[in-house]
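Whole structure, please, built from the sequences with the hints as guidance.
There are 2 protein chains.
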Amino acid sequence: MKRITLSLAENIVDFPLNLIPEEAILESKRSFLNWLGVAIGASHHPSVDMVLELANEIGGPPQVTILGRNIKTDMQFASLINGMSSHIFDFDDTILNTVLHPSAPVWPAVLAVAEHNNLTTKEALEAFVIGCEVEQRIALAICPSHYERGWHVTGTVGAFGAAAAVGKLLKLDHLQMTNALGLAAAQPTGLREMFGTMTKPFHPGKAAANGLLSALLAQKGFTSSLAPLEAKRGFGQVLSENPNFDVIIEPWGNKWQILENSYKPFACGIVTHPGIEAGINLKDIHNINPADIDEIVVEVHPLVLELTGKETPQNQLEAKFSIFHCVAAGIIFGKASEAQFADNIVLREDVVNLRKKIKVIINNSLMEDQVLLHAKFNKGNTINITIEHAIGSKDKPMTNTELEEKFIELTSGILKGKERELISKIWKIGKSLPITEITELSNSQE
Amino acid sequence: MKRITLSLAENIVDFPLNLIPEEAILESKRSFLNWLGVAIGASHHPSVDMVLELANEIGGPPQVTILGRNIKTDMQFASLINGMSSHIFDFDDTILNTVLHPSAPVWPAVLAVAEHNNLTTKEALEAFVIGCEVEQRIALAICPSHYERGWHVTGTVGAFGAAAAVGKLLKLDHLQMTNALGLAAAQPTGLREMFGTMTKPFHPGKAAANGLLSALLAQKGFTSSLAPLEAKRGFGQVLSENPNFDVIIEPWGNKWQILENSYKPFACGIVTHPGIEAGINLKDIHNINPADIDEIVVEVHPLVLELTGKETPQNQLEAKFSIFHCVAAGIIFGKASEAQFADNIVLREDVVNLRKKIKVIINNSLMEDQVLLHAKFNKGNTINITIEHAIGSKDKPMTNTELEEKFIELTSGILKGKERELISKIWKIGKSLPITEITELSNSQE
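In order, the protein sequences belong to chains Z and Y.
Numbering that gives the first Met the number 0 applies: residue 0 is where the first sequence begins, and numbers increase by one.
Numbering that gives the first Met the number 0 applies: residue 0 is where the second sequence begins, and numbers increase by one.
The set of hints was computed from the structure by calculation and includes no laboratory data.
As the structure is a prediction and not an experimental result, all values here were calculated from the model.
We put the CB at the ideal spot given by N, CA and C, even for glycine.
Certain hints may be false.
Mimicking DMTMM-like on lysine to aspartate or glutamate, the simulated pairs with C-alpha atoms at most 20 Å apart in a straight line are [stated by the list, open to error]:
id: 1; chain 1: Z; residue 1: K219; chain 2: Y; residue 2: E56
id: 2; chain 1: Y; residue 1: K71; chain 2: Z; residue 2: E305
id: 3; chain 1: Z; residue 1: K378; chain 2: Z; residue 2: E240
id: 4; chain 1: Z; residue 1: K71; chain 2: Y; residue 2: E56
id: 5; chain 1: Y; residue 1: K231; chain 2: Z; residue 2: E294
Among chain Z residues calculated to face chain Y with C-beta under 7 Å, some are [stated by the list, open to error]:
id: 6; residue: G58
id: 7; residue: Q75
id: 8; residue: Q186
id: 9; residue: R191
id: 10; residue: E192
id: 11; residue: T198
id: 12; residue: I292
id: 13; residue: G416
And the structure:
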């Protein structure tokens, strides 16, 4: 039998970091910019307050910055909180073929160790590339059956990514790295049943904390299985059907998983994005008046209604799972950021009225990033819009400028002027800056 | 659809504690005595040192006693460590029909909250009864398929027990309790692949810490699914086949799960115990000389070879998973405590020689607590021994005196004289003593 986990551990430990290509480094910077923005943006959410309060009661020394706040806490609680924040808005990055959100469980753990150990941004960036590689390879090995069974893959495999990245920063040896992966395997976090509650963003946060804990214990000599991924009663067999372990041990360096990453232009589930873009086109290109609309018919990929079929959302969270609200927001506001999902917007009369006029039908021939929209107006005219590839999809990625704009919109109310300086630093994290140059700009003056 | 989790939460919150019968209280005291002994006994294991070192680096304030040590740490790390200690020797309690070890994931969390919040031993004891009830009902709902799939049930359902017990101590309301159970559902810990490594005892420790965290966050208003156990993508469906949720919501008070608990007389997996007892009988009753043995044939339940089939163990841990070593220890030493699994004993020439003479064969007609042993001697004579119910099984439970002797053997080297005073206190924990009367006697003077 092939030794899957040991082979993976060898790659993590031995792969020469200088062979990571420039394009992977660039994509990791883009991931960091996007991740930091969504984490800071959601950092004052009530759920963050709750965990911070608990950290204050039972947590450890002030080792790591809580993004967007004016406080530090210990590495473990900081990983949990920063990981949670970055997933609260459902606005973080996605690798579409596994629906993995790669940054949320890995970056918090990397940041924690880098800040506490005075490492450089370059070391952190490279560790993230490794962590992303590991979590996505494991996700590929166990998906789609793993996700279909009900696991929230970002939480479950995220712990491996965090353990690998932290293990890399701590310079673990082969055996320690294998043990770290074993400890991570024993702690899968995240069920899809939790979607729509505070526990969903808790998943990647806990994955970050668990992965960190795994690597820190492995460094001290803590032992685990040497075949935690591939054994008969290991992670792969227990949590999925017929896992394909080969993808985990394919040679490193030919193709980097981080290059599959994509970023959301809109603050809701990625399957709604083509519909939102079609709505925005109706407003921005065709300049229509929403009051003139008789009916909107949107043809979508089947997953859209399965995941976001809520017809009459009553609050922010429900609106994010409503393709009807998403399209309406695109038409009325020309955007779908956090503000367009606020409770008062969700219940506003013109929004409610427009939602009622929207029909969504399944078209099995469409891809997930495609949509057809047909608008009929009360003067008898019609407009048809086709979205071939939604913005933010892999074929039409957000530009660096669009990512910067998203960052500013999410953070300016909290960073109050520091956001542009922080952006310019972020583009330089491939260099050996002290990580504190990032963390010191990422807190708020509350 | 029946509301399983909400109904469970209602029972946890509403069941009148004064209706817990005296026999359940007594069994819980016996559980506590046994649990505290094994936790103190293993409290100087290298894996405990590792986690303590980490707690010192990233943990919080000194809130809770580390059993058997001269230190306190925060509630979360203390739950992890005390839970680990109590499972390291594989010498803790078992509810046989699910193979759940009920104390290891629940008592540490109860102790943490009770000590930190200055509660009484009576409150702690009652909370444990509730926690045990919850974890075992959930285990019954998902076993055997859950365990067969490869989950370590003590870790996975243990978090529910800890969350319920802590939630009871914190006086959570129905909704908070449901959310606590939801958070616990999202954090299942423990794969059977980890057996034989430090990660196995890590499972109940982490379950205790996760359950504690779940209840503490729920108290602050953190939200989760309201149907985490029964939903399509909830804990039951995702982690088992055809779960039987009815057992979770059967009325409370007719039958208490703690009454199913049993305690190990020997420091290894429970399936080996009938074999050990047969070996002890050979020594104690028949007074044979091991050197005269030609061959030993042991007929066992099929699970024995599946779980403990290691023929040539090389160290303590492997010996615990070797029915061959277990029987040999019974024959040579007349006991199988920690000392009979020490590395030097495992490798001792007479032990190795006797192990080689032992053959183990499966007999499908035997129950798990039964064994047939046939000894042939070099003078031509034979002895046959039948164990109908092994000591420590539910039909032949350890007496209070035997539990006290086990406690003393495990703890006297650490407590150095305090052990008898502690035992007498433990029999009084049904009264409203400050919990500190227990914890202050449970540390060491290092």
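Item to check | Residue hint R191(Z), partner chain Y, criterion CB-CB below 7 Å | outcome: This hint holds: R191(Z) lies near chain Y, its Cβ roughly 4 Å from the closest one there, short of 7 Å.
Checklist entry - Was the hint right that G416(Z) lines chain Y, CB cutoff 7 Å? => result Check failed: Cβ of G416(Z) comes no nearer than 32 Å to chain Y, outside 7 Å.
Item to check | chain Y contact restraint for T198(Z) - C-beta distance below 7 Å | outcome: With Cβ-Cβ at 4 Å, under 7 Å, it holds.
Checklist entry - Per the CB criterion, is Q75(Z) less than 7 Å away from chain Y? => result It holds, given that the least Cβ distance between Q75(Z) and chain Y is near 6 Å, below 7 Å.
Next on the checklist: Given the hinted pair K71(Y) and E305(Z), is their Cα-Cα distance within 20 Å?
Outcome noted: Not OK: K71(Y) and E305(Z) at ~50 Å, beyond 20 Å, violated.
Next on the checklist: Hint validation: G58(Z) versus chain Y, beta carbon distance must be below 7 Å. Holds or violated?
Outcome noted: Since the shortest Cβ distance to chain Y is 5 Å, the answer is holds.
Checklist entry - Given the proposed pairing of K231(Y) with E294(Z), does the C-alpha separation stay at or below 20 Å? => result Measuring from Cα to Cα gives roughly 35 Å; hence the hint is violated.
Checklist entry - When you check the alpha-carbon spacing of K378(Z) and E240(Z), does it fall within 20 Å? => result 55 Å, violated
Next on the checklist: The hint names I292(Z) as touching chain Y; please verify it with the least Cβ-Cβ distance against 7 Å.
Outcome noted: With a closest approach of 36 Å, the I292(Z) hint is violated.
Next on the checklist: For a C-alpha distance cap of 20 Å, please report whether K71(Z) and E56(Y) respect it.
Outcome noted: Holds - the C-alpha atoms of E56(Y) and K71(Z) are around 15 Å apart, at most 20 Å.
Next on the checklist: Holds or violated: the hint that Q186(Z) contacts chain Y, with Cβ atoms closer than 7 Å.
Outcome noted: OK, holds: Q186(Z) within 7 Å of chain Y, min 5 Å.
Checklist entry - Is K219(Z) within 20 Å of E56(Y), Cα to Cα? => result Answer holds: K219(Z) to E56(Y) is near 12 Å, not above 20 Å.
When held up to the earlier numbered hints, the structure conflicts with 2, 3, 5, 12, 13 and fits the remainder.
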